[in-house]
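Q: Using the hints, build the complex out of the two chains.
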Amino acid sequence: MRFQLTDDQRALRDGVRDLLAGRFDRDALRTAVDTPGHLDRALWRALGDAGFFALCLPEADGGVGLGLPEAVLVFEEAGRVLLPGPLVATHLAAGTVPGAATGERVVTAPAGELLPWRDASDVVQGDATGAVPLASVDPLTPLHKLPGPHAPRSPEAVLLTAAEQLGSAARTCELAVRYAGEREQFGQPIGAFQAVKHLCAQMLVRAELARAAVYAAAVTADPVEIAAAELLADEAAVRNARDCVQVHGGMGFTWEADVHLHLKRSWVRAGTGRTARETEEELAAAL
Amino acid sequence: MDLTYTDEEEEFRARLREWLASVLPGLPPKPSPNDWPGRRAYDLGWQRRLYDAGYAGLHWPADAGGRGATPTQHLIFLEETEKAGAPYVGANFVGLLHAGPTIAAEGTPQQRARWLPPVLRGDEVWCQGFSEPDAGSDLAALRTRATRDGDHYVVSGSKIWTSHAEVADWCELLVRTDPSAPKHRGISWLAMPMDAPGITVRPLRTLAGSAEFAEMFLDDVRVPVANRVGEENDGWRVTMVTLSFERGTAFVGEVVACRRVLGELAAQARKNGRWDDAVLRRRLGRLNAEFRALWRLTQWNVSEAMGVPPARAESRTRGKAGGVPGIGGSVFKLRYSHARQELFDAAAEVLGVAGALDTDHEWTLDRLSSLSYTIAAGTSQIQHNIVAERILGLPKDRPTGLRKDLQKGGR
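As you go down the protein sequences, you meet chains A and B in turn.
Each residue of the first sequence is one higher than the one before, counting from 1291 in the numbering used here.
Each residue of the second sequence is one higher than the one before, counting from 440 in the numbering used here.
Quick caveat, the hints were computed from the structure, so don't treat them as lab data.
Possibly wrong hints are sitting among the right ones.
One side of the interface only, derived from the structure: several residues of chain A facing chain B at Cβ under 10 Å [said to hold, decoys possible]:
#	residue
1	GLN1294
2	ALA1350
3	GLY1352
4	GLY1353
5	LEU1489
6	GLN1492
7	MET1493
8	ALA1500
9	TYR1505
10	ALA1507
11	ALA1517
12	ARG1532
13	VAL1535
14	TRP1545
Every residue, glycine too, gets a C-beta built ideally from N, C-alpha and C.
Chain B extracted, bound-state conformation (with noise of 0.2 Å):
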């Protein structure tokens, strides 16, 4: 067990640190929530700076256009881009996270050539059509249909929750391609291009009042048979890459994130004379042991994922057993999502009541938005589901005689 840095890993986070200092002051200012093009243009100019310093898809491999960093290195990169307060990768999360990692690991060359760069080089956007209105926590039930028109398909339904549909250039867009198979097959994985005739996008309002995601029609969008990934009705595999993409290291900036907001409300806790109370001293106390042990957890799984080359191998060992996220991204998603509601319940205690209900603060949004995260990606009641089930074997739910008699309808 180590958690000293090489001399090399050392090096990479100095100069990354050195370039951050120099290129962050010059960042024009960030465009409002609800902003969209605005926000676009932003993260997609980060992009291309992080591309023309060499840092674009730093965990991609490099026949991919990656630069095949270890997953050390791409730990180091979240930790100091978080620290310096650098943009996230905001609207470009698709694309860097789950379209491109999964291109590159089940597309075919042309595939891989067309669509990878674009990313990279922080010129093109990607949107997440998974979800559906009906399905929710169960993907496989997803009903958007896709039929064969010569080398085309003709693919008509709706998505929700999908995040920068507005100004997405693409979308990663599952659809039933065989209806008559079993859910979890007759799946594809196509790329649809967003400026296609036939799909409106409706934002949707959350509760933290902001347009975070929208809903997307798709009336006869026609999608060329060129733009599957992988093979047809295989889709649910590829899906299963995707999501453990999504698992993988979607939370270590957050993490060192959520660290800094603590340190912050001791600091304004001592300021503000709320220090004083030992029920919140106590309850920050304890918030310090759950982020510093989640911050552990993480080096344990970034650890753990050393060794296995980026991306390609991760689809060998997670994809083609049939989706298994690694132990650590169930188990460290569901204590997560939980202790950031947690440490923004506290912020609100220190604000006070007039500050805790004030939306001008960043932590009264935060508070809202944090919210999502026992949802998103797989509810926390699916997690605990994913962890006893394929974790620590326990037998799959069957409905018993009374629960099976309902079901059939009698009331």
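This is chain A alone, in the form it adopts within the complex (with noise of 0.2 Å):
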């Protein structure tokens, strides 16, 4: 047993961290912001050229051959930099839908009660009958309401979300952190006190859980294992996106503030899922 990222794991991490820092910096996030429902299409190239819609695709048809584990990383990647678009439902078209895997044709799918990213689309995998638009609290997630009963999401789809929402977790710790260093109030950083220090620890604290539960489930591919990354995840990401908001004060409360994008966008991926109550129901019933 080795439960560690191992030296390629750790390569391909930072690759594409390096990847979205190069392709999806502040100034593309707030371009896409002020563009709502416009999916940057060379952008989407760049990730299909870089194989991140391919990397579980067996090398023969012409994919990287990697494994959950390795999707995971990347999915996490993405989730910190709050990388736009139906990633998780392209990602899992590869190598049906022609086209997804090298980022040529954009693929979404129903994700529960919801259908994100309909109009900028090429392929809707699934039933979209009777689609409706909703007017999305994300600025980056535009999104269609579906009638009737929903088929549950696959358990790829859930995990890969749920890393998205552990990098995201993780980043609002990491912000949360650098602004409670830098902001000076009473004569001293704010993060000297015990009152702000504390909500930081128990972000990491989050954070940290959430990641055990990411990374085994992805190793494990296990539903019930999934599903408990599921719950912790969601709940790291939008508690730590609250927190954040809490510990940059009035700043945080500001649309220039980043920390809404991360807390609108939890929002959203946890009600792509299963609720917390169906997810609770399934991790009871494995009792």
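A: The structure is reproduced here in structure tokens:
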């Protein structure tokens, strides 16, 4: 047993982080916010070229031939930078929808009662009959609402979404710590006050527990482990974003600070799977 | 990332299971919680069996008499012994997990030869004389004094929360050897024989009703200078070595136990009708996620420690770096201690009103004792500070103008 990243996995994670820092920096993020519903096709192709969507496709089919643990690391990085678009659906469509693996075609799919990015996508996988637009709380995720009963998401989709939540939770922890170390009040950085310090520590604890759950679920692909990962990653992303707003004080409540984008995206992600109630029931049933 | 165990590790597990199955049925009945001599005999007897079977000091380095097992083997050992319902380390806790590894890492060859074998064989029990009434979480604020008199230290002061003090042969004792030095310096680490004249032990009754630990009063107790481990006034660094052992693997078996309890709670609830309560059911579901993740975090932490030789290297990497516990230690303890309290609160719900108030029920006692988990070995508040300052790098708190005035006495 060696439950740690391998050197290759570390290199993959660092490579994706560098790629995203170059292709989707803060300016790109704010541009995306200012052009709601617009998907940057050049960026999508660049992700395709880098193997983002073909990661788990066998090499014989032109893919990278890696597994779920590697995909989780990549989606964690996407979550960190709030990369927009139907990433999970396109990734899972690689190999079945022509052009998905290379980033030439954008694929979306119903997720619970929601359908993200319908208008900007080339292909909708699944039944989207009767979808009506919804004024999405997240300026970076256009949404439609679907009528009637909806099929459950695949375990892979749930897990990759949890990985994005993990990335967001880790990122908001970093943002809070950085701000708490810089912002001075009463003659010292606010991070010196225990009230602020303890908020930050709790953010780290939440993110690290979610990390253990998400990585383990990626290795085992066990449905109960995936449910645990979903529950803890949703909680870490949402609560860390809220605490990050709190640490930022008045600044945290402005549109200019990026924190609200993490909060809103984490709400949307949490809303695209099972509800927490359903997940808890599944975890109880497994006892 | 790999969660499968190697053939060698599985073989180790299989042999251990076989041995546990052969030895456990023959164990004497467990003494009652407040029968201290009985508990001592029971725990030492178990240690002797481990020793005879070659499982004593599994995680100790081989040159200290241990087996030099890998952290993964140690994890398997703790997992399997808990699953099989084997006795806990009990009264041998301090000797095996604190004092022993500290002496192995920092002691002279003579000290290692004198103190380590009896711990492994199950001949001697140690207790921990760190905490003091006025110090609390500010461990370095200790005041117990030791003054040199020839080749002895003369020790006076008092200690508190001293587990197993009544039945211990030795005490790992922190004393102030230089009162004029800054508080983290001027401390020394001594091995004090518990039969020395001048030691008074008074048991303390906990809120759970048991005499779990004791107060200890030291009145001109003479301890040979040769019993000092590490340099004089260098005891804080030695202590940090000890504490890093405390936070390392102390909770592995407990997480396994909590997962077992959670399964029992669900079974009990299904039997007595409480399972129909959706709020309670969801609570148990959430705890399932929590304890699964805590187990995975344990495996993550243990894997992180792999490749680092046991005990000896831990003092090198952690002790000399200022005793910073691994990221896993404090993060794990924070979440686990609260999750444990939630688990036994849920147990009370499953038991129903009368059951939850019945102190004859094991779960009620566990519920009461779970309150100590967010206090012992560094309160949650202290752990939050450790995480924030040493892992996240946030600045230390310093008094502002108003608070400075208040502290100077301006009310």
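Q: Work down the list of hints and note, for each, if the structure agrees.
A: Right, here's what the structure says about each hint:
no.: 1; hint: GLN1294; verdict: holds, 5 Å
no.: 2; hint: ALA1350; verdict: violated, 24 Å
no.: 3; hint: GLY1352; verdict: violated, 26 Å
no.: 4; hint: GLY1353; verdict: violated, 20 Å
no.: 5; hint: LEU1489; verdict: holds, 9 Å
no.: 6; hint: GLN1492; verdict: holds, 7 Å
no.: 7; hint: MET1493; verdict: holds, 9 Å
no.: 8; hint: ALA1500; verdict: holds, 7 Å
no.: 9; hint: TYR1505; verdict: holds, 6 Å
no.: 10; hint: ALA1507; verdict: holds, 9 Å
no.: 11; hint: ALA1517; verdict: holds, 7 Å
no.: 12; hint: ARG1532; verdict: violated, 18 Å
no.: 13; hint: VAL1535; verdict: violated, 18 Å
no.: 14; hint: TRP1545; verdict: violated, 27 Å
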